[in-house]
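Q: Each chain, letter by letter, is given below.
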Amino acid sequence: SAVISQKPSRDICQRGTSLTIQCQVDSQVTMMFWYRQQPGQSLTLIATANQGSEATYESGFVIDKFPISRPNLTFSTLTVSNMSPEDSSIYLCSVGTGTGIGYTFGSGTRLTVV
Amino acid sequence: KQEVTQIPAALSVPEGENLVLNCSFTDSAIYNLQWFRQDPGKGLTSLLLIQSSQREQTSGRLNASLDKSSGRSTLYIAASQPGDSATYLCAVRGQGSSNTGKLIFGQGTTLQVKP
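The listed protein sequences derive, respectively, from chains A and B. In terms of the numbering used here, the first sequence is numbered consecutively and its last residue is 120. In terms of the numbering used here, the second sequence is numbered consecutively and its last residue is 187.
This is chain A alone, in the form it adopts within the complex (with noise of 0.2 Å):
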């Protein structure tokens, strides 16, 4: 399966601020999927990115909040922008690699909003 390496793992952020995280991998795919877990809850999808056209937004999630950049095959980028106290979540990005294999996360990023 593949392996995904997400940056950054922790951060603590000024409330106004944007926060940019990074998912690499080590294997060319179709999709990404950006996820978000906020403290004590399951995971829910926000965006499914594909290289070559615009991300496809879960209903909740808007551009102008979390923009998406996918330049290339093995990266993603998912941006928090303008952040609030109320973003403080763990984020992970994942990718699927074939039928039969399921899907891969990466480690997370905590994000603390203060």
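Mixed in with the good hints, there may be bad ones.
[What the hints assert, rightly or not] Restricting the straight-line Cα-Cα distance to at most 25 Å, the calculated cross-link-like pairs of lysine to aspartate or glutamate (DMTMM-like) are:
hint, chain 1, residue 1, chain 2, residue 2
1, B, K114, B, D156
2, B, K186, B, D111
3, B, K174, B, D139
4, A, K71, A, D17
5, B, K73, B, D139
6, A, K13, B, D111
7, A, K13, A, E60
8, B, K174, A, D32
9, A, K13, A, D70
10, B, K186, B, D99
11, B, K73, A, E64
12, B, K114, A, E92
13, B, K174, B, E128
14, B, K174, B, D111
15, B, K186, B, E89
16, B, K73, B, D99
17, B, K140, A, E92
18, B, K114, A, E60
19, B, K114, B, D139
20, B, K186, A, E60
21, B, K140, B, D99
22, B, K174, A, D93
23, B, K114, A, D17
24, B, K140, B, E75
25, A, K71, A, E60
26, A, K71, A, E92
27, B, K114, A, E64
28, B, K186, B, D156
29, B, K174, B, E75
30, B, K114, B, E87
31, B, K186, A, E64
32, A, K13, A, D93
33, A, K71, A, D93
34, B, K174, A, D70
35, B, K174, A, E60
36, B, K174, B, D99
37, A, K13, A, E92
38, A, K13, A, D32
39, A, K13, A, E64
Honestly, the hints are just simulated from the structure, not real lab data.
Please build the complex by placing chain B on the supplied structure of chain A, with the hints as guidance.
A: Relative to the frame of chain A, chain B by itself:
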């Protein structure tokens, strides 16, 4: 709309016990079901993947079953160890192109295995 429920929310057992974690889902039209482990503040580690056509999968001390018609999956952990302490998440992937890559997660079961 697919909903995934995990019971119990938390479980504490003495070392060596066999245990069962439960996952149920409301829409049986799934492509597959995947069990993950999450250590505190960390990412997810995939444990087992069951395709919709399969009934069970095994890996070491772990065995996962799937009954798609009744919307249920169980994760069986044999001879539990303190190192098994973590949160266990099940996730289903729905059928159809609109669900490609979209995993719906349960709330998780937090397991504590006491030495």
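Q: Checked against the structure, which of the hints given earlier come out wrong?
A: The structure conflicts with hints 10, 17, 18, 19, 20, 31, although it agrees with all the remaining ones.
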